[in-house]
Amino acid sequence: MDFAQICDLVEPPARTEEPMNLSAFAGTWVNSNADTMSIARLVISESGGKLFLRVYAIGPEGVIDWGAREIKIFTSSPSSRQPAGFTCGYDFDFAETTLQGMIMKGLLVLAQFHSFKDESRRADYFVREYFALAHGRF
Amino acid sequence: MKPILEFKQTSHLDPALTDPKNRALHADKLIGRWLNTSRATRGIAECRIEQQGELFNISLIGVGANGPIEWPRAAGRLLANLDEEGGQRAVALVAIFEFSFMKAETYIRLNKGVLVIVLYLTFLDQSGRSNYVTREFFYGEN
Chain A
1 MDFAQICDLV
11 EPPARTEEPM
21 NLSAFAGTWV
31 NSNADTMSIA
41 RLVISESGGK
51 LFLRVYAIGP
61 EGVIDWGARE
71 IKIFTSSPSS
81 RQPAGFTCGY
91 DFDFAETTLQ
101 GMIMKGLLVL
111 AQFHSFKDES
121 RRADYFVREY
131 FALAHGRF
Chain B
1001 MKPILEFKQT
1011 SHLDPALTDP
1021 KNRALHADKL
1031 IGRWLNTSRA
1041 TRGIAECRIE
1051 QQGELFNISL
1061 IGVGANGPIE
1071 WPRAAGRLLA
1081 NLDEEGGQRA
1091 VALVAIFEFS
1101 FMKAETYIRL
1111 NKGVLVIVLY
1121 LTFLDQSGRS
1131 NYVTREFFYG
1141 EN
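For the record, the sequence lines run as chains A and B.
Under the numbering used here, read the first sequence as residues 1 to 138, first letter to last.
Under the numbering used here, read the second sequence as residues 1001 to 1142, first letter to last.
Hints are computed from structural coordinates only; laboratory data are not their basis.
Just so it is clear, the structure is predicted and the values come from calculations on it, not from any experiment.
Built from N, CA and C at the ideal position, the CB exists for glycine as well.
Please note that a few of the clues may not be correct.
[As the list claims (entries may be wrong)] Restricting the straight-line Cα-Cα distance to at most 25 Å, the calculated cross-link-like pairs of lysine-lysine (PhoX-like) are:
1) A:50 / A:72
2) B:1112 / A:105
3) B:1008 / A:72
4) A:50 / A:105
5) A:117 / B:1021
[What the hints assert, rightly or not] Not everything, but these chain A residues come out facing chain B in the computed CB check (under 8 Å):
6) 1
7) 5
8) 8
9) 9
10) 66
11) 121
12) 122
Produce the entire structure from the sequences given, and follow the hints as far as they go.
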């Protein structure tokens, strides 16, 4: 078994007939920063054993729906089956955005990487913000 | 006449993105040799960031069974942070380390003098290992 760090030299997780529990991610995640100029909320849903993410971002004249994309799930270790993070990409033609999420103590830490492909000479930039799951209990 | 800028969120229109002062990103604080704050780490022991003109090279050393494992050097892409930390524009580096059996998408930034490295690791072999995400912290050698 090849490895580049010793923590990767592990027995793979036992494969059972139970699919990975994706419910920890599903729901509506709301930005903790009410004044954000970026993503207002994320809606993560499960379908056919896969997770999909839909982004609603803040625009000058209201919310902008980026549409849904399938997300790639990452666990917390090579021998784990518990989801702990995800990545996802959007290609807007004029720019590409990569999203990297990580769940920490129930909070979603989301990093956004924006790369511009047009002639606007805007600098590539990143944003790191926090999202909480809307549980609707109170 | 100003060109019309396409956008998908308000921050795409931030004037700071085209401000010449901000385009000269200062990554000085990232340059150097960084050591894992955890001596017991079983992941990345050391990170070295070098700059050659506008190019950045990142070298990682993993903890191995019989000694350190040098990762293939990766080119880092510099990104600006519109928020400021300590009165300065923070920056981050993103890089992809590629092995025949694994790919590591890396995001490196500085937070109050601590280098934070987040790795999203994807196994490309048939080992059955789960793709996973990890975060480690490093202090500057000097």
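Verification of the hints:
1. A:50 / A:72: Holds: residue 50 of chain A and residue 72 of chain A sit about 9 Å apart, inside 25 Å.
2. B:1112 / A:105: Satisfied, since the Cα-Cα distance of roughly 22 Å is no more than 25 Å.
3. B:1008 / A:72: Roughly 22 Å between the alpha carbons, so the hint for residue 1008 of chain B and residue 72 of chain A holds.
4. A:50 / A:105: holds (23 Å)
5. A:117 / B:1021: holds (21 Å)
6. 1: holds (6 Å)
7. 5: holds (3 Å)
8. 8: holds (7 Å)
9. 9: This interface hint holds because 7 Å falls under the 8 Å limit.
10. 66: With a minimum Cβ separation of about 6 Å from chain B (threshold 8 Å), the hint on residue 66 of chain A holds.
11. 121: This hint holds: residue 121 of chain A lies near chain B, its Cβ roughly 6 Å from the closest one there, short of 8 Å.
12. 122: Cβ of residue 122 of chain A sits 4 Å from chain B, so the hint holds.
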